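Trainee: Reassemble the complex: the two chains are provided individually, in unrelated frames, and hints are given to aid placement.
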Amino acid sequence: MRKTSLEQVYLLAKKDKRVVFVGSDLGHGTLDKFKAEMPDRFFMEGVSEQHLTGMLAGMALSGKVPYFNTIAVFAYRRCLEQVILDVAIPNLPVRIIASGGGFVYVPLGPTHLATDDLAILRTVPNMTVIAPADAAEMARLMPLTLNWPGPIYIRLAKGGDPVVTPADVPFRIGKAVPVATGSDLLIITTGITLQFALVARKMLAAEGIKAGVLHVPTVKPLDQDGILSRIAKVRGVVTIEEGVRLGGLGSAIGELMLDEGLVRPLTRIGLPDEFTLHYGTQLEQLAYYGISGDGIVRAARKLLGGRVRTRTLAHAARRKLLRVRPQPSTQVQRGTSRRA
Amino acid sequence: MRNNYRKSIPLDRRSLALRKLILSAYTSARRGHLGSYLSLVEILRVLYDSVLRYDPRKPDWPGRDRFILSKGHGSVALYAILADKGFFSPELLPTFVKFDSMFGQHPDSRKVPGVEACTGSLGHGLSVGVGMALSARIDKQKHRVFVVISDAESQEGSVWEAALSIAKHNLTNLVVIVDYNHMQSYGRTREVLDLEPLAAKWKSFGFGVEQVNGHDVKKLRQSFLKAVNKPSRPQVVICHTVKGKGIAGIENNVSWHHKTKLSDEDVEMLYANLRQRGSEN
Numbered sequence: 001m002r003k004t005s006l007e008q009v010y011l012l013a014k015k016d017k018r019v020v021f022v023g024s025d026l027g028h029g030t031l032d033k034f035k036a037e038m039p040d041r042f043f044m045e046g047v048s049e050q051h052l053t054g055m056l057a058g059m060a061l062s063g064k065v066p067y068f069n070t071i072a073v074f075a076y077r078r079c080l081e082q083v084i085l086d087v088a089i090p091n092l093p094v095r096i097i098a099s100g101g102g103f104v105y106v107p108l109g110p111t112h113l114a115t116d117d118l119a120i121l122r123t124v125p126n127m128t129v130i131a132p133a134d135a136a137e138m139a140r141l142m143p144l145t146l147n148w149p150g151p152i153y154i155r156l157a158k159g160g161d162p163v164v165t166p167a168d169v170p171f172r173i174g175k176a177v178p179v180a181t182g183s184d185l186l187i188i189t190t191g192i193t194l195q196f197a198l199v200a201r202k203m204l205a206a207e208g209i210k211a212g213v214l215h216v217p218t219v220k221p222l223d224q225d226g227i228l229s230r231i232a233k234v235r236g237v238v239t240i241e242e243g244v245r246l247g248g249l250g251s252a253i254g255e256l257m258l259d260e261g262l263v264r265p266l267t268r269i270g271l272p273d274e275f276t277l278h279y280g281t282q283l284e285q286l287a288y289y290g291i292s293g294d295g296i297v298r299a300a301r302k303l304l305g306g307r308v309r310t311r312t313l314a315h316a317a318r319r320k321l322l323r324v325r326p327q328p329s330t331q332v333q334r335g336t337s338r339r340a
Numbered sequence: 001m002r003n004n005y006r007k008s009i010p011l012d013r014r015s016l017a018l019r020k021l022i023l024s025a026y027t028s029a030r031r032g033h034l035g036s037y038l039s040l041v042e043i044l045r046v047l048y049d050s051v052l053r054y055d056p057r058k059p060d061w062p063g064r065d066r067f068i069l070s071k072g073h074g075s076v077a078l079y080a081i082l083a084d085k086g087f088f089s090p091e092l093l094p095t096f097v098k099f100d101s102m103f104g105q106h107p108d109s110r111k112v113p114g115v116e117a118c119t120g121s122l123g124h125g126l127s128v129g130v131g132m133a134l135s136a137r138i139d140k141q142k143h144r145v146f147v148v149i150s151d152a153e154s155q156e157g158s159v160w161e162a163a164l165s166i167a168k169h170n171l172t173n174l175v176v177i178v179d180y181n182h183m184q185s186y187g188r189t190r191e192v193l194d195l196e197p198l199a200a201k202w203k204s205f206g207f208g209v210e211q212v213n214g215h216d217v218k219k220l221r222q223s224f225l226k227a228v229n230k231p232s233r234p235q236v237v238i239c240h241t242v243k244g245k246g247i248a249g250i251e252n253n254v255s256w257h258h259k260t261k262l263s264d265e266d267v268e269m270l271y272a273n274l275r276q277r278g279s280e281n
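Same order as they appear, the protein sequences are chains Y and P.
1 is the number of the first residue of the first sequence in UniProt numbering; add one for each residue after it.
1 is the number of the first residue of the second sequence in UniProt numbering; add one for each residue after it.
Just so you know, the hints here were simulated from the structure itself, not pulled from any lab data.
Each hint should be verified, as a subset may be incorrect.
[Said to hold, decoys possible] Partial pick of chain Y residues on the chain P-facing surface, computed with a CB cut under 8 angstroms:
| hint | residue |
| --- | --- |
| 1 | 41 |
| 2 | 44 |
| 3 | 54 |
| 4 | 55 |
| 5 | 56 |
Note that this is a predicted model, so its numbers are computed, not measured.
Glycine included, each C-beta is placed from N, C-alpha and C at the ideal position.
Bound-form chain P, shown alone (with noise of 0.2 angstroms):
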């Protein structure tokens, strides 16, 4: 059944165009979490092109959505998204951990415009998105909360915390979504400290479960628009990803989770890869 959710899907050219954007910080730094930010692409591109509220002009505006990026690591990705849709310049992003540049290696919401949270130590952001949901409901506010969180980060104890209370006040107004890559840092989340039946641990939390190919920019974009259709009850989407999606060699190669040092050969690699990678499609 999980492995229909993780057929290979095939990238148009935006995502291309993203994960393009993504390397220009990437390279620049010479290190990061490649593969975090690759399995993340599609499920930016489609909760900021087709289900959030926003406003790039005014980060601030109050009747936004709230977008967390739990999975603080994968913030390049959540950079290139929110450069791509105007918040600030694309060109910034190649000063990607210079001494002044806005972007670290984890989202900081005293610098980016568009980060509400900071995020970068697992296990923070869903309760944080809580308080927003919560916040909310007192002041009778229409905006959503959207928290992505990812499979490691799900070993976390406080996860759990946040879902009993998100069951607990039935907050439809928060829609939990998981970045599953079945990959961390050490080798597969199977192997390292198992998750599974992940779907019926979130179900046996009160929790609505839709389950999702997390590179099906149609299926994700229905999946994200049903969870905020009027829910009866919390709802968490289980996007099933490709960990380094989007460029051969990287794809669920467990030593591009976090790297430092790039070589030139490794840059010009990354570029060739991604560039066959589109010429297949």
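Next up, chain Y with everything else stripped away, as it sits in the complex (with noise of 0.2 angstroms):
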């Protein structure tokens, strides 16, 4: 997927001078076609990102389009003030291009976790968040962010990830994807999840439950309409993303359901609030927080069971009031969910 989108980048600068590559401290041998043929337009400027991203905005305000990349924490988090205040505030065309959204750094720790970046950004105004399934998604977005008119951050997965997306359907920025229909059901999701919603379609389809797959690449600005329109037709949503459940898009579903007055019994698969203690692989912390076809499939049924359709908010609530936490353990329970 990265590589994808920074040969993107690279096509976009050969067609349009006013395209600008800005890295901080990337691979050896990044984008060296880019820098041999367009070397002053190519950037590669040190660890140095709150510098970095004030210099796009500078490069924004002079008529460029400057496309940036780094590693997705540093490229958010250790610069936010400048994203704010120098990139969203003036609304400039830069665009963050951020690598190892979610857990994908995972065995660096929690230094390098990008889980709460679509949360976050999602509250600056004026910000465009997107974070695409796969390579060939990546491919039909890249070209629309040449003329976008506002910030853009553009979170990229692992690289390699399975191609899921729908080829016919064309990527609009702030349109949802719809990927497959269902009456019971609408499983929503971001990024690389959606993977994980077709794998749970099936195991769903198995015990008679009928769910559809609405794809969100775009978080914000959030397709409204798109959105509303097809939970009017299921009985339950799940969201599902890759990053924290307090802010991220299970909780813009909900805002969105509650702001409209079209309410259904939702549940929301994310990260719950805490630091991980774990590493090992991306799928394995995936797995570990049930964010995942079995943990779709688990918070589906539960949605979905026999009390759900009489169930009253006050039950719900006493409910969830009961409900036992499982104590926290130090020791890493692959391949089962704590949340679900």
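Mentor: As structure tokens, this is what we get:
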């Protein structure tokens, strides 16, 4: 996905002189072709993200369309103030290509986990926040970034992620991508979690639950109509994201339902309000927190179980109060979920 | 040596007139960073009178020099010189920080003609200036970039990230100007977080360093013009200034760094002491 996006930056730069590439301290050889062919618009500027974000703003104020790439947490959080003040307030066309969204860098520890990017950046006015599911979707997105008027944050996944997006649906920034229909449940995804929804959909079908899948690569601006019109057709909604539950895609969907008075039982799958103590792989972490096909199936069963249809809000609240939380464990419980 | 740069300089009529414009905004709002405005006046006056290329009727003219007040809390001094130069009417200044005003306590490029960047959080403007200077170089444009930073602002690490970057690219089309009034909100910069030896720091980063009395109009002009006259390396002009310059009782008085809720007596005192300073000269 990263390769696809950076290749696209090269292609965009070839055809449009406004395009500038800025990296911090990327891997040796990154975009060598760009550097060789357009050296005056290629910048590898060292580990100084606060400065670089301001610099991107200065370039954009001078008519450039700068594409910035570095490790996600350093691209939005180290320099969050610059992102907000220098880039977002004047609504500048800066593109932040954030490597390693979510749990990609989990072997590197909590310093490198970009699990709050969608939640944080969603609160920033003028900011567009996009998490594509696979390289094919990235390829469809990138050409549209050239003339988008404001700043864009693009979350990159690990790379080599299975291609699961429908090739026949053109990418439109701010539009949800309908992937599958189903009358019982709607699974709403962003980023690489689309693949888990597709797995879960099959498993649920075997149990007689018809689940639709709506992929929401653009977390902001949210495709309100596209989402609401599909929520209206189902009995329950499960959102799933590789990030914090507080403030992320699930929160956005919940807020939308409440704001518009179209409320369905909702389960938000994502990270609980804690810092992980584990390493391992991205998939191990995701499974641990139930961000998986299994996690969706468990959530769907609960959501649509016999009592769901008659459950009142008071009853739901009582159930929640009585639920016993498992004690935190220092041991990795591979393949199990503490949420769901 | 430093004291020579800080010799007390009498202010001429123009400097006093600009300070009156500043007071028209400040005393209307009865709040602001008066000390920080007053140390900047001659720096801005010389830049806008003798150095910068601009057209107040076309604030977006692409060939203009870019000026960024990175110490955004000095905003009213900038508003005063922009009004003086015709970017907008001086009569608007008393709307300062009113609900519908274009003048906030920190300058906003979305609202004020002639303001290039939203500043106010320290340590941002120099990097924005670097982006502008690099873009000008890519596009082979001749305009230059001037960024005024403050001494306390130089305590932000991002300023030195930007300094590394300016040196790397040998950005001789960007001039860093330090308003070095030796004071910050809590007290003397020397005591809060010392910057000395400041000139040696910039020199070690690869800059040509010029030091000047920041209220000496003639010397400021010489320094700025020298800094843009085909230098071989990036230039910084360290302007030694007096916080609150030009109003007796305010000068070097840390309690006037930022104030709110000025009393009627305060307002009267400010105008009286400015007039008094004018008649002394």
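Trainee: Give a verdict on every hint.
Mentor: Consistency of the hints with the structure:
{"no.": "1", "hint": "41", "verdict": "6 angstroms, holds"}
{"no.": "2", "hint": "44", "verdict": "10 angstroms, violated"}
{"no.": "3", "hint": "54", "verdict": "3 angstroms, holds"}
{"no.": "4", "hint": "55", "verdict": "4 angstroms, holds"}
{"no.": "5", "hint": "56", "verdict": "6 angstroms, holds"}
Of the numbered hints given earlier, the model fails hint 2 alone.
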